[in-house]
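Student: One letter stands for each residue in the lines below.
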Amino acid sequence: MRYVALALVGVISFVIGLVHAPERAWAAFLVNHFFFMSIAIGGLFFAAIHWLTGAKWSRGIHHLSESFTAYLPIAFLAMTVLYFGSSHLYPWSRPELVAASPILTAKAAYLNKPFFFARGLGIIAVWLAFARAMIRNSFHERKEANRTLSPVFLIIFALSFTVLSFDLLMSLDPYWFSTIFGVYCFSILFNAILASVTLLALYARTHNSWDIKLDRFHDLGKYLFAFTIFWAYIAFSQFMLIWYANLSEEVGYFVRRLNGGWYAVSAFLVFGKFLVPFLVLMARGAKRSIGVLSAMAVYILLTQWIEILWIVQPEIFENGPVVGFLELGITLGFIGLMGMSVGGFLKSRETLIQAEIASFGTAGGAAIGENARG
Amino acid sequence: MSRSHKEGGVLGLFDDPVRLLEAVRKLRSRGLTEFEVFSPYAVEGIEKAQGLKRSLIPFVTLVFASLGCTLGFYFQYWTSVIDWPLNVGGKPYNSWPAFVPVMFELTVLAGGLATFGALLLFARLPNTSRSALDPSITRDRFAILVSGMNPEDASNLLTTIGAREVRAIVPRGWF
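Chains as they are written, first to last, in the working numbering: chain W, 1 to 374; chain S, 1001 to 1175.
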């Protein structure tokens, strides 16, 4: 019920926004659409790694990762809704701008509304098909089927997520290009899904008393720590090459983000998004403390959202971030939709997942024994 | 640690790590502290069962990695700002983003080498004069060496806590 109320708040904020400040409303919509879609498909990605490698440490927890894919149908819907707002966001979707620019005219074969949305919807449809098939296998213990499907999915995911991040985010400035952009968005996706799974697992342990061992949270904390560094590495690689070469067709992206009100946000990304989780999660005690880990997971999730805002908004609002009740309301709406999807997924499968996690204590011991002989 | 080798003792061999883990817990619950555990690979939870203290290696890594990072920055700052300032593409002398890759590499290099050195130091390696108590504990079996106890009592104890095979180790000059 709480989540339905949040979703309603989101719908109302969005409608009010469309009337009074359509630019802000659509920008906020795009930020949240991309953020929550990343978490949804990230859930399948994270689970697919486990199926592919036959991971045992995460037994049961991978179902929590799968639960986020329940949001994919809504991502499909949001992609459709975005059709009506594309002219507020993307310069290439405005005929008068395309006609005036030879570069945009040359790119029109790729950057045009029908092809853009056909790509977007087609990709999400393929993800949905994989999610349905692989999650059915996962709950029916058809491990071999998933081990065959996982590499196929992972390759398709790598290509399709790159396409989607180029389309949805990079084409906000259709003159700018960065070949690392797909990996860069993937590093945000992976941090977001890791934080989400950690948070959900912590919630299941503290509120629904699921028997998830502290060692598992230690492992998830290590993952979060490692991929904080991964993000910094990729994000810095993108920044440094463009900053150093200082080419006029590339550097505009960072010039916009290092001036005006955006400078503070850029500085926050360096210190707040990298240094804080890096230093906090370095300590072993932090990864094994429910309190610290929950706080860090929420914080990391928030920083990923801020970063997507930092990718989207400077293209529209050059003076600095625009965050108010409108942005907050739309974000709450998306949280509501995600909560409804995940809640619905877990409700019907809770006992099953709990049983699988509980069997870990005993079966896990036997598994070590298997390893010793195998 | 190596004291027990010199003194010798009784070696109990186990077939699987779960039995080993249980046996170690039982030994500790009987108040026994003078024993060593051998395993061909890392067994999850064994350090806790043995009551081992945390290794100092991560702290060595941290200190040396920070040192590598700081010195990496300092050297580049000194060369490009103090000792030999050059105007490169109109950028400021202290163009710190350009220093980051070298700082990162030196962090990893100093941290990595220090970790390796610390490992050798703490594990007292290389040590060619030592040999395995039983070749199978480097392959697929697990063992507990109990020392500082009457050999007969030790054998009985190891058998009751689940050892498959018990063998006396005669003290030898190890070093």
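Take these hints with a grain of salt, some might be off.
As the list claims (entries may be wrong) - Calculated pairs, DSS-like style, for lysine-lysine (alpha carbon to alpha carbon, straight line, at most 25 Å): (1) Lys56(W) <-> Lys143(W); (2) Lys1026(S) <-> Lys1053(S); (3) Lys213(W) <-> Lys56(W); (4) Lys1053(S) <-> Lys222(W); (5) Lys1091(S) <-> Lys213(W); (6) Lys1048(S) <-> Lys1026(S); (7) Lys213(W) <-> Lys1026(S); (8) Lys1053(S) <-> Lys143(W); (9) Lys56(W) <-> Lys222(W); (10) Lys347(W) <-> Lys213(W); (11) Lys56(W) <-> Lys1048(S); (12) Lys222(W) <-> Lys1048(S).
Hints in this document: simulated from the structure, not taken from any laboratory.
Student: With reference to the structure, classify each hint as holding or not holding.
Tutor: Status of each hint after checking the structure:
no.	hint	verdict
1	Lys56(W) <-> Lys143(W)	holds (12 Å)
2	Lys1026(S) <-> Lys1053(S)	holds (19 Å)
3	Lys213(W) <-> Lys56(W)	holds (14 Å)
4	Lys1053(S) <-> Lys222(W)	holds (21 Å)
5	Lys1091(S) <-> Lys213(W)	violated (52 Å)
6	Lys1048(S) <-> Lys1026(S)	holds (13 Å)
7	Lys213(W) <-> Lys1026(S)	holds (22 Å)
8	Lys1053(S) <-> Lys143(W)	violated (39 Å)
9	Lys56(W) <-> Lys222(W)	holds (16 Å)
10	Lys347(W) <-> Lys213(W)	holds (22 Å)
11	Lys56(W) <-> Lys1048(S)	holds (21 Å)
12	Lys222(W) <-> Lys1048(S)	holds (19 Å)
Comparing the model with each numbered hint stated earlier shows that hints 5, 8 do not hold.
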